[in-house]
Amino acid sequence: MSDAAPQFAEMHLDPTSEVMSLQMGPSHPATHGTIKLNLKLDGEKILNCDVEVGYLHRGFEKMCEQRTWNHVVPYTDRLNYISPLINNVGFALAAEKLLGVEVPERGQYIRMIMSEISRMTDHFTCLGMAAAEAGALSVAFYALEARETLFDIVTAVTGARLTVSYTRVGGVMQDLPSGFAEWIERAFVGIRNVMSDCDKLLSKNRIFIERMSGVGALSAEDAVSYGVTGPLLRASGVAYDVRKANPYLFYDRMDFIVPTGTQGDNWDRFQVRFEELRQSMSMVEQALKQLPGGPIRVDDPNITMPEKKDVYGNIEGLMNHFKLVIEGVKIPKGEVYSVVEGANGELGFYLVSDGSGRPYRVRVRPPCFFGMAALGQMLQGHLISDVITTFGMVNMIGGECDR
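For what it's worth, our numbering labels the leading residue of the sequence shown as 768, then goes sequentially.
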């Protein structure tokens, strides 16, 4: 890549050269409104691609340093707004590690259940849009139908559809609604039927297979060197998953496999995400069978909010509520780095506390940022039409990438 840059500069100055510079995006409908791809083309063949991720949510990490620990949770929703619950959980786990507390079992199970449902909404969005961009519009409608079924469940649990702000340091906002397990059972029957229809439409579809197979391939060695994780890394044949390699919550109690590919191309990426949907459903079902009773948050007035009846009914509850909202949870001095398995890979939070009710420093490891770093190499030698399918399978989320 670095050796090629002077060569392209010379070609650009040479009036006889047929290498063309083309800026694709950010106005292109497939580039999410922020991405610009600076392409060097020989006809329709891509010789080089320089990726600019642009700006969407600027200053996320610095804004977190001006708010209390729990006030950061709504900001984490905006990192990846298609799977916000995973972001909520990732931040809360890091803060709780600094605090030295462990959430009651029921609270941890609820976090795990909602994280997997959130992973599914993310994968359905990615796969549906990838299918639409390759011309399989019916699959997109089916995938979005399944996603909306899951969003209805998320709304019932959290009270919101996208920016849920459900997790708290020390637990979760509220318990699961009555009849939740039966609702999940009915929803998963419909979702499995939708997935079966999508599989029939795509698995033997010559146009879709030729658009995806052999395109955007990334070797295992290159994927590791770029720091790529998640479905992109697993599609390259590396079976790394934070839930297996470094289990958190109760993933060590779950029976699931880590799907991998062989070629590291767009077809493998599609298949890996498709299989991960099945694994997520299995984990939700297992977790619901194991779900214990009991509290959903830590019983400590210095960490968790009092019940609303206590806020309105006695002075101690009102004072406790006021101090937690205004001053925040007082987390001891220290620093921590904690990771979870996001929908796009390893999502990490590095937090520093100075002992006050606000984070002193916040840094985030956004998983799809590393996929975007590798996008240029994935596209080299392919056609300009392959940009759309490859970019779609990276599943870039602008809120994550923006530093």
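Hints are not guaranteed to be accurate.
Under the rule of at most 20 Å between Cα atoms (straight-line distance), these lysine to any residue pairs were calculated in the SDA-like manner [as the list claims (entries may be wrong)]:
| # | residue 1 | residue 2 |
| --- | --- | --- |
| 1 | Lys1090 | Arg834 |
| 2 | Lys812 | Lys829 |
| 3 | Lys1076 | Pro1059 |
| 4 | Lys803 | Gly1122 |
| 5 | Lys829 | Gly1115 |
| 6 | Lys812 | Glu977 |
| 7 | Lys864 | Tyr848 |
| 8 | Lys1090 | Gly1122 |
| 9 | Lys1097 | Arg1064 |
Derived by calculation from the structure, the hints in this document are not laboratory data.
Values in this document were obtained by computation on a predicted structure and should not be read as measured data.
Quick rundown of the hints versus the structure:
no., hint, in the structure
1, Lys1090 <-> Arg834, "holds (14 Å)"
2, Lys812 <-> Lys829, "violated (41 Å)"
3, Lys1076 <-> Pro1059, "violated (25 Å)"
4, Lys803 <-> Gly1122, "violated (42 Å)"
5, Lys829 <-> Gly1115, "holds (16 Å)"
6, Lys812 <-> Glu977, "holds (17 Å)"
7, Lys864 <-> Tyr848, "violated (24 Å)"
8, Lys1090 <-> Gly1122, "holds (15 Å)"
9, Lys1097 <-> Arg1064, "holds (17 Å)"
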